[in-house]
Every structure is written in C-alpha cells, then in structure tokens.
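Visitor: Here is how the chains run, residue by residue.
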Amino acid sequence: MIPVNPLSESTYLILLALYQEPLHGYGIIKAIENTSEGKYIIAPGTLYGVLKNLEKQGLIETIAFEKEKRKKKTYCITDRGKEVLNSEYERYIRMINYSQIIMQGGKGK
Amino acid sequence: MKKINATKKVTKRFANFSKEEEWLQSMLNEGWILKSYDSEDVDECQYIFEQLQNENLQNVIYKIDFRDLKNKREFEEYKGIFQDSGWTLLSKSKWYSKHIFYTISTNAQSDIFSEQESYREREKRKMTSLLLYTGLAFIGFIISICLLIIFEYAYFGAFGLFLLYVSIKYTIDYFKHRKSLKSIF
Numbered sequence: 020m021i022p023v024n025p026l027s028e029s030t031y032l033i034l035l036a037l038y039q040e041p042l043h044g045y046g047i048i049k050a051i052e053n054t055s056e057g058k059y060i061i062a063p064g065t066l067y068g069v070l071k072n073l074e075k076q077g078l079i080e081t082i083a084f085e086k087e088k089r090k091k092k093t094y095c096i097t098d099r100g101k102e103v104l105n106s107e108y109e110r111y112i113r114m115i116n117y118s119q120i121i122m123q124g125g126k127g128k
Numbered sequence: 592m593k594k595i596n597a598t599k600k601v602t603k604r605f606a607n608f609s610k611e612e613e614w615l616q617s618m619l620n621e622g623w624i625l626k627s628y629d630s631e632d633v634d635e636c637q638y639i640f641e642q643l644q645n646e647n648l649q650n651v652i653y654k655i656d657f658r659d660l661k662n663k664r665e666f667e668e669y670k671g672i673f674q675d676s677g678w679t680l681l682s683k684s685k686w687y688s689k690h691i692f693y694t695i696s697t698n699a700q701s702d703i704f705s706e707q708e709s710y711r712e713r714e715k716r717k718m719t720s721l722l723l724y725t726g727l728a729f730i731g732f733i734i735s736i737c738l739l740i741i742f743e744y745a746y747f748g749a750f751g752l753f754l755l756y757v758s759i760k761y762t763i764d765y766f767k768h769r770k771s772l773k774s775i776f
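For the record, the sequence lines run as chains A and B.
Read in order, the letters of the first sequence are residues 20 to 128 in this note's numbering.
Read in order, the letters of the second sequence are residues 592 to 776 in this note's numbering.
It is possible that part of the hints are untrue.
[Said to hold, decoys possible] Derived lysine-lysine pairs resembling PhoX-like cross-links, with alpha carbons at most 25 Å apart:
hint: 1; chain 1: B; residue 1: Lys670; chain 2: A; residue 2: Lys92
hint: 2; chain 1: B; residue 1: Lys685; chain 2: A; residue 2: Lys75
hint: 3; chain 1: A; residue 1: Lys91; chain 2: B; residue 2: Lys685
hint: 4; chain 1: B; residue 1: Lys770; chain 2: B; residue 2: Lys603
hint: 5; chain 1: A; residue 1: Lys92; chain 2: B; residue 2: Lys661
hint: 6; chain 1: B; residue 1: Lys670; chain 2: A; residue 2: Lys71
hint: 7; chain 1: A; residue 1: Lys71; chain 2: A; residue 2: Lys91
hint: 8; chain 1: A; residue 1: Lys71; chain 2: B; residue 2: Lys685
hint: 9; chain 1: A; residue 1: Lys91; chain 2: B; residue 2: Lys670
hint: 10; chain 1: B; residue 1: Lys683; chain 2: A; residue 2: Lys71
hint: 11; chain 1: A; residue 1: Lys91; chain 2: B; residue 2: Lys663
hint: 12; chain 1: B; residue 1: Lys661; chain 2: A; residue 2: Lys71
hint: 13; chain 1: A; residue 1: Lys101; chain 2: A; residue 2: Lys49
hint: 14; chain 1: B; residue 1: Lys715; chain 2: A; residue 2: Lys75
hint: 15; chain 1: B; residue 1: Lys685; chain 2: A; residue 2: Lys92
hint: 16; chain 1: B; residue 1: Lys715; chain 2: A; residue 2: Lys71
hint: 17; chain 1: A; residue 1: Lys71; chain 2: B; residue 2: Lys663
hint: 18; chain 1: A; residue 1: Lys92; chain 2: B; residue 2: Lys683
hint: 19; chain 1: A; residue 1: Lys75; chain 2: B; residue 2: Lys663
hint: 20; chain 1: A; residue 1: Lys71; chain 2: B; residue 2: Lys773
hint: 21; chain 1: B; residue 1: Lys663; chain 2: A; residue 2: Lys92
hint: 22; chain 1: A; residue 1: Lys92; chain 2: A; residue 2: Lys75
hint: 23; chain 1: B; residue 1: Lys661; chain 2: A; residue 2: Lys91
No lab work stands behind these hints: they were computed from the structure.
Please read all numbers here as calculations on a predicted model, not as lab measurements.
With the rest of the complex left out, here is chain B:
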C-alpha cells in the first residue's frame, strides 16, 4: 500500500524575495518540503508542503525569480534552461510570475543569478508589476467613489475604501522592493 505523506498548507505574504527564500529554507529545517504554490503574486500566496521522507533532501536550496512569460513556449524554454542547469521549477504554467526553484545536487551552482544586475532587474520587474496593480486598484477606487456620489449606494463606498486599502498595501510593498533594489550594489 502506498504511504501518503502528510501535507501542510500555509498562506503567507512576502514583500522581500530573500525573506521568502529564508522562510522556505526554515520550513525545510522543520521537515517540510515545498511541493507547489498558487500563481497569486499580488495578495497572499498559498504554499503546499509535504513532510520530508528522504534525508538527502536536507541540502535543498531554494531560489526565486520574478518574470512574466509570454506564452507556453517561453515557459517551456525557461523551465528547460533551468532544468539543464540542475534546478527544478515549481511554478506550473505561464500564468505564474513568481518562479520558485530548488536544487538538490551539492556541487551544483548555489544561485540562479551570476551577476548583481540580475538581482536589480528582478526587483525592477516586481516593482513594475506592483505599480500596475496599485494603479488599477486606485482607478477602481475613483470609479467606486464616483458611483457612490451618483447612486448614493453605500456598497460602492465600502468597495471603494477596500480598493483604496489594497492600493496603499501595494504602494508599501513597492517601497519595500525599492529599498531592496537600493541595497544591491
């Protein structure tokens, strides 16, 4: 009979790639290996962990990239280049922007980037995406307020305030990533 490994779902939100990598690493130390996660990169992300069975997996290294891939072919190419270099990609399709990789081999390279510029570009891509979501949420807020004034229906006000809250949340994340960007030399 096949033994079913225990799984654990954790929902969490990060505004810093290094902290996210460290957290995944700390989960590993507690005996949980990441199996999958959802494509949500704006709000909280759901991570699914599985209980560690094989002791060799203790040398797992996690790394995160952030990038939009245009189509399935781009996604397959991207995945292939990393696979050939010894990294396994955990994102499942082109709909993911956040790509979590892991490697097990001990003598493989321990990073997915080999120059500082790549880290700067990763932060810039994330910031562009956050800026877009901030803008969309803010436009949504303005529209809701207009609808509130025209129809005097409280629901629009509540929805508008929610969107304002969302847009402020993204703005804070944007500045957190900008701080990371500035700390890269």
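For reference, chain A alone in the conformation it holds in the complex:
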C-alpha cells in the first residue's frame, strides 16, 4: 500500500538521504545537513519518530549486523520506499509546473 497522503518535509528528506546509501540515525542528520549546505537540519526527536513510522510502513528497513552487536543500527530504503519517493518527486514536479503556468501566466497579462 502506497501512502496517498503527501509525505512531510522531514520524511521526504530522510527517504532522500537513504536513497543514495544506507546510513545510521545520526548519519542521516549529518548527510541531510551537508548535502543541503545547512538549509535543512533535522532534530533528533523528529528523526527518531520518522524512522519508526517509515519502518512500520515498510518504506525503510534495518540492516542486520549479527556479529557486530555494538555497531549502530543502519537503515536502508526498500523498493517500496523508492517507489513512494519517486511518486512524491513527480508530484512535486507537477506542482512546480502548474505553479509556473499560473505565476508566469499571471505576470504576462
């Protein structure tokens, strides 16, 4: 089941961070901060809540480290997660295209 509701900005950013490579919790915060050059900073409480929700929905999963128990829990995006992220990305593009028609059309008149 693909969620119909738009993803929250934090949820989108976290899925996007995992799209490239599997990361552990704080690694996600750092990756988003670095790639966006500090434009997006996710606070730890928000991150943890989003990770648990995404895991429950099956959009991300943890990679098991059976031998190294001390290693930090690492998350990776699932195929369904990629699908959801792609359809959300397309939704954003449609919204931008539509906005451009209105805004630039409005300016022309």
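Knowing the structure of chain A, use the given hints to seat chain B on it.
Guide: Frame of chain A, contents of chain B only:
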C-alpha cells in the same frame, strides 16, 4: 577529600510538557540541576536535583519526549542519536516512557523536534498511554464493586472508590493533553 554536592528531592506531577520544561528551567535559575528522576509517568514523579557548581551550566536547555522503547537496543539507539546531536538523556532504561534531555552547548540546536508534527505525535503518544491507564483503573473499579456486592466487605468498596478517583484523575490529564494537542498548528 571529595566534596559532596547538596541534593534536593522534589515530587511533582505535570499534565503539560511545556510547563514541566519551564519548571525544570526555573529550578536551574535557583541553582538546582536535574540529576535523575524515576520512571513513574502515571502518578507523581520524583526528581533529584543537585546544587549547581559550574557557572557554565546556566545555559542548560531542557526538553522532554514521551515514547515507549521496546527493548534495550532501541533505548541505546535512541539515546545514541540524541547524544551524537549534543543532547544528554536523563532517563535510565527502556522502562522509562518520559525522556528528559538537556543540552549545554550554546550553538547547538535548541530543540529536539524540527517540525510541528513531532509535537502532535508526542501528545498523541501520551494520550494513548493515559487512556490505557484510565481504562485499567476503571476496570479495576468495576471488579472492586462486583467483589463488594458479592462479599459485602467494605475494603473492596474503599479500594473501588480509590480506583474511580484515579481513573477520573487520568481522564482530566487526558483532556489537558488533548487541549495541548489542539493548540499545536
């Protein structure tokens, strides 16, 4: 010889996370820093404060999260993510639902949440937990009344009334948290 800092125990009950954070902050202004608290999140909570020695601790910020953590591993992961982000967790084990954090660094983020939805979810988790306790206390009340009718033993009546009082208390807290939830936009 090691100097022993003065400690202070305070027992208090809150039905609002912001008020609890503000109270911890006001204790800090009076020179008391929170060292630990017990895992009781239903009735009164016991807070243990220590007298402030280091002036730098004046820029401490307290924040509270409410969440059940399934096991030790979850607790360690949760604690680790916050620690890496500059927050120290004061809850001691997975048996805690209320998690009090503090940060000292001045240029760190001043909040544990970065979107409004996280505040709404915190209230919802607290409300679910209160609803569960209300239900349990109420079931206990019904059972006590049944036992009172069957055995005609006044003790059951008194116990039943106590449970009814408890369940009403939680219901009031539930509505206080619902009010907080509705005030979040």
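Visitor: Are the hints correct? Go through all of them and say.
Guide: Evaluated hints:
no.	hint	verdict
1	B:Lys670 to A:Lys92	holds, 12 Å
2	B:Lys685 to A:Lys75	holds, 20 Å
3	A:Lys91 to B:Lys685	holds, 17 Å
4	B:Lys770 to B:Lys603	holds, 21 Å
5	A:Lys92 to B:Lys661	holds, 15 Å
6	B:Lys670 to A:Lys71	holds, 15 Å
7	A:Lys71 to A:Lys91	holds, 15 Å
8	A:Lys71 to B:Lys685	holds, 16 Å
9	A:Lys91 to B:Lys670	holds, 11 Å
10	B:Lys683 to A:Lys71	holds, 21 Å
11	A:Lys91 to B:Lys663	holds, 13 Å
12	B:Lys661 to A:Lys71	holds, 11 Å
13	A:Lys101 to A:Lys49	holds, 21 Å
14	B:Lys715 to A:Lys75	holds, 17 Å
15	B:Lys685 to A:Lys92	holds, 17 Å
16	B:Lys715 to A:Lys71	holds, 15 Å
17	A:Lys71 to B:Lys663	holds, 16 Å
18	A:Lys92 to B:Lys683	holds, 20 Å
19	A:Lys75 to B:Lys663	holds, 19 Å
20	A:Lys71 to B:Lys773	holds, 24 Å
21	B:Lys663 to A:Lys92	holds, 13 Å
22	A:Lys92 to A:Lys75	holds, 16 Å
23	B:Lys661 to A:Lys91	holds, 17 Å
Figure legend: structure checked against the earlier numbered hints; every hint is met.
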